[in-house]
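Asks: Now for the letters of each chain:
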Amino acid sequence: MAQENITFTLPDLGEGLVEATVLEWQVAVGDTIGRNDPLVEVETTKSAVVIPSPKAGRVVELHAREEQVVPVGDPLVTFAVEVEDAPQAGIVGKVPTEEAAPRRRVRLKPPTD
Amino acid sequence: MTELIERAAPATEGETVELSMQQAINRALRVLLTEDPEVLVFGEDVGTLGGVFRVTDGLQKEFGEQRVFDTPLAESAIMGMAVGLAMNGWRPVPELQFDGFAYPAIDQIVNQVARMNYRTRGAAPMPITLRLPSFGGIQAPEHHGESLEALFAHTPGLKVVAPSDPSEAYSLLLQSVRSDDPVVYMEPKARYWDRRPVRLSEPTDPIGASRIVRSGRHGTLIAWGAMVHKCLQVAELAAEDGVELEVLDLRWLKPIDAAGLAASVSRTKRAVVVHEAPLTAGLGAEVATLITESCFRDLAAPVQRVTGFDVPYPAGPLEPQYLPTIDRVLLAVQRTLEY
Amino acid sequence: MTANLTKDVTMRYADLAPQTSSGAVPVLLLHGFGSTFDMNWGAAGWPRVLETAGRRVIGPDLRGHGSSDKPTESELYLPEHFVSDLVALLDELGVESVDVVGYSMGARLAWALALAAPARVRRLVLGGFGPTDLLAGVGESTPGEGDGPFDQVFNTVAALPGNDPEALAACARGQAARPFTRTPHPAGIPTLLVAGAKDALAAGAEGLAADCGGTFVEIPGRDHVNAVSSRIFKQVVLDFLQD
Amino acid sequence: MPSPESTGQGTISVEHLSPELTRGFYRDMRTARDLDTEAIALQRQGVFPAYVSVRGQEAAQVGGAAALDPTRDFVFPTYREMAAALTYGVEMVGYMATHRALWHGGLYDVMDSRFGAINAVVGGPVPHAVGWAVGERLRGGDGVAMAYFGDGASSEGDVHEAMNFAGVFTAPVVFFCQNNQWALSVPNHHQVAGGSIAARAQGYGLPGVLVDGNDVGAVHTATAEAVRRAREGGGPTVIEALTYRVEPHSTSDDPGRYRNEAEADQWRERDPLLLLRTAMLEAGHADESYLARVDAEAARRAEEIRDGVANAPEPDGSELFTHVFRETTEELTRQYRTWKEEVEP
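Protein chains in written order, with this note's numbering: chain A, 1 to 113; chain B, 1 to 339; chain C, 1 to 243; chain D, 1 to 345.
Just to be clear, a hint being listed does not mean it is correct.
[What the hints assert, rightly or not] Derived PhoX-like pairs: lysine-lysine, alpha-carbon spacing no greater than 25 Å straight-line:
| no. | chain 1 | residue 1 | chain 2 | residue 2 |
| --- | --- | --- | --- | --- |
| 1 | A | K109 | B | K269 |
| 2 | A | K46 | C | K198 |
| 3 | A | K46 | D | K340 |
| 4 | B | K269 | A | K55 |
| 5 | A | K46 | C | K70 |
Keep in mind that the hints were calculated from the coordinates and are not lab data.
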């Protein structure tokens, strides 16, 4: 398994709101959290919301301070998540395997010109 | 329930990230859906499932069911719907799940999509990009390994493109979807899992431009899609023997870069064109003719073609014997050297 | 889920069972004016906290709110109507008694439920709520047209998608017809009051807690809107409801 | 017509059927189930590149195919008709060869089996059935064409065109839709406008029958009636057998991405094989010891087919060129020589 950083942005919290205020982070950089664990508490003009974590992973960066106003679509948090090393086949067929040294039977003679 | 959405397109132009071709196409679709509210992505299993190769993974969640949606299983209707959507101001990016299932939609593609702009004297442009997982190499069932580029290239009004690696896939898709002409974007399935650093950059070359992937002076290998990779392997092996081969990724199969072909072959004097599709009336014939027309006096040997055979695409165990092999390409190179 | 319990009004409610039950009584969550179970409690992360603690959660959309019916006659919004909705819901679910957590208007109705049906309420939590009757005077005026604190609340929530301003106005008038009084207070039921330090609508909560022999906890830095999702609020409630 | 909501509930009864018939159903369904299990194992072992399971659809396939006459009828399958092929008497090593990717259409003799080549174009073979059936009438024969297709294929123009043709030509064809409720990731409600495939028959002036696809007796009765009608010159019938794809679309699929497995679990519990077993015991068509004997025979036969396909030789590369034409061309012969000189291992 390899790790990959994935950044999540502040989602549209509905009602056409364009921003939200970070009230309190429920995680710190370095924490390893599960999917759906409480991640951050944010407030819009109309309600307060706890956003659950969309992924299991290790928190690498929090992009906003508490009490900071974050526009919808701006980065909120970056996770390091485990990703599959082995590629998954599609609905049909096999993932082609790469030969380290392609086999050949034919040798070439360089041109004389 | 409030859910976080994975971040869309990279903020910085030119950022380099390691991606498979699947992911690179996914990134490009995100950029397109973000930048242009008229872009619609639809087809069989592209929504909830995220595509049978995960190319549209997460797009429906991010952009909603209005803009990324599953259709019933009917290829002709998918392409026919694209025509109507385009006439109502949308920029459709339909997917037909596999090359072989473009055939049921050929009527709409050839009789409708390709010529609506012409028929209406420019009043009804068709800014449609058909994403078509294409070509062979993954031991798939019947109708999942076809190469239709000659058919599309032969159809007036269609542009045709086949990327060869993740970076190309990214920028060529941006270019295709932004074009106001219909484009058939052929994704080489065998390279979907090819993972390498991708420069997420805006396209710089115009539509129709080829590119030199490797320079050499003794001959030019011309290919597109997954065969570019095979030609790079051949060039590497040829170098062991002291033969320096140039590899030209044609990219656009219509319009074809005649000037790019001439520039390379007039220098190297030898050309071998490699494709997966059957030989007869394949695109290799067009490429060979263009070279002959522009470089006749420069050529040290007739243009060679290494292609699939004139047989239906075979089942798994015979696939490696159908597709151009390294030895067949080397032998073709040898023929040009010895002519 | 929905239940048609009182003939006139169909109520939609959530009934969320924990993976592993602690065996304790369910928790009834009552949302505030113009809100819903999902918005007030769900989005603020309460069901997960309570379910993790092994508690079953019952969360209605009160009449006039969310996905429940929204009549527009103010006489259908007297506090006793809400109380009978809740008692009927508990009967329907076969639940003997619950811990009730109400916020704002939900706290007022929790208080009314505890007075009317003390046997059904084991513990009582009143959040964002004080003895000042916000709705005083609503009977005469049209809600939202003045500039009092309740008018501001009304205008904010009336604009939320899914809300019917006419039903909300009727709801406000109906409850205003029965002004809140500090006495009698629910006797023999352990009571906790919680409010944000900056919550003007909950002024006097500490005194009300003292009156009824309960506890008061203030959440630093929070106001009426953003106290709901606070970790401190959840923790003190969990502690209070434990065993 | 029963509604889709009321179909597919409860237990089944076989009291009205003959014990010989239900014993045959049981043998074929049991064998198909075991072969299916073996095939999934072969895919996991890397012998098959992929496999499409028929689990849960055995009643729909066996009940329908058992109503046909392999000496005079003709079946046009899709790619998920293993249990139908087995019931109809197709040589099963040759059938399973397609899943080992030995030959796309399978290696059984299509004309001798009177069972069309395995076809991956959904809806594509349905007009073929109409053509065969019209040909049969013109020839003066009394054979019936069986056109298999799924809920996904019902969206394809070919299927509608074929039904219309069949109505116009009064063709002796049975349009047999196995509605397994999932076209890869797309559920019925997003696939079938109006909710019923059987109801579409009405528009073409054909009888349309909705039947519980997990009730092998019900499927058989409906199909036998449609076959009788077609044979007697009464024309086509549309049968919709409502069942469920309890397995993934193929072994490479991950249904967790698009469906709630609780629903699939309900259908897994309503297993057509168990329904039949229980009904046979109740009706006195068999006892436990008889069924145990059949179980053992079925397992043995499934293992034989498994070993046969796993050990079958790979086709020689020269076969690339063998069947392209009846009369080959000079150019293709030249390409064959190229293959011989430059590719042959």
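Asks: Which earlier hints turn out false for this structure, listed by number in ascending order?
Replies: 3, 4
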